[in-house]
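Going line by line, the protein sequences match chains A and D. Following the working numbering, the numbering of the first sequence begins with 1 at its first residue and continues without gaps. Following the working numbering, the numbering of the second sequence begins with 1001 at its first residue and continues without gaps.
In case anyone wonders, no lab produced these hints; they're calculated from the structure. Where hints are given, some of them may not hold.
Pulled from the structure, derived: some chain D residues nowhere near chain A, Cβ distances all over 10 Å [said to hold, decoys possible]:
#1 I1150
#2 T1156
#3 Y1202
Keeping only pairs whose Cα atoms sit at most 16 Å apart, straight-line, the calculated EDC-like set for lysine to aspartate or glutamate is [said to hold, decoys possible]:
#4 A:K62 x D:E1185
#5 A:K62 x D:E1017
#6 D:K1004 x D:E1091
#7 D:K1004 x A:E4
#8 D:K1004 x D:E1185
Remember, it's a predicted structure, so these values are computed and weren't measured experimentally. Glycine residues also receive a C-beta, built at the ideal position from the N, C-alpha and C atoms.
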Amino acid sequence: MDREFRHIVFVPVLVWIGLMVLLGLSLAYAYWPAGLAKFAVGLAIAAAKAALIGAIFMQLRKASAIVQLAAASGVAWLSLLFLFSFAEFLTR
Amino acid sequence: MSGKPRATVFEPWESAERQHQAMLFGLWIFLATEVLFFGGLFLLYAHSRFLDWAGFVVGARETNVWFGTANTIVLMTSSLTIAVGERAVREGWARLGRWMLWATALLGATFLVVKGFEYREDIVEQLFPGADFRLASTGGTQFWDFYWVITVVHATHLTIGIGLVLRLILLDRAGRLGRQWMGAEVTTVYWHLVDIVWVILYPLIYLVGR
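For reference, chain A alone in the conformation it holds in the complex:
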């Protein structure tokens, strides 16, 4: 396959197919009567979709270290927000 075609069209279409499959999975699992830990599974599938979009569509996989750090910082501070807030809510 032509290198340019692969980069411009083929890879994004593959990612899109992956996203659609994950969407189908999360919808099906939410309606599956015997499904366990539905909320966690739904969120895990959403995280997988976000990771696909971030790594390939947003090109974080090939980004420089400084850009990857800036991207990770948002998630890192967000986890602190949740950690400290719930440390308080759960110990009232």
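We have chain A; now place chain D onto it with these hints.
Same frame as chain A, now just chain D:
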């Protein structure tokens, strides 16, 4: 196909490479603040669910999963078209880039139209917290507070995104987009973040209690 375009270098940058690094760094710092902005609302969601889980789930069951799923498909497809469009612009496939940008703007508009129909149904079914609201529980009220605030904020972000894509289309008409592909990259990455926010909202809003 006209071959890979060279980039326009703006003040104060000495080289396209430096401009590109600085632009991506600045963009991602902005996106990190966006993550925290939406993250505050997600914390509200988590806390409401924690306070009155039963009422929260009863409230969440009232959402229309088909509107949500249709819009998820629309938005993920727009992420495909803008990703292909940006790569095409950068590699000099100008015609494909142009078509993909138009497709992205149209898909973005489609999302807003579907959302409009969904809002109409929500209002008819008295799911807007206030005097006529029909779910009298703390969790139910807080779920729908979250729903309205975050979907309106998200739609506002998407509207800004559509404006940015239309700007790229105008740049293309003026024959300047090929050399300003970095502008296309900034818009594209922002668009994907708006998509990611929706991808996370989808199980939080539409799949709870099914």
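Comparing the hints with the structure gives:
1. I1150: holds, 14 Å
2. T1156: Label holds. Min Cβ-Cβ 19 Å, cutoff 10 Å.
3. Y1202: Non-interface label fails for Y1202 of chain D: nearest chain A Cβ at 7 Å, not farther than 10 Å.
4. A:K62 x D:E1185: holds, 14 Å
5. A:K62 x D:E1017: holds, 15 Å
6. D:K1004 x D:E1091: holds, 5 Å
7. D:K1004 x A:E4: holds, 11 Å
8. D:K1004 x D:E1185: holds, 15 Å
Violated hint: 3 only; the structure is consistent with all others.
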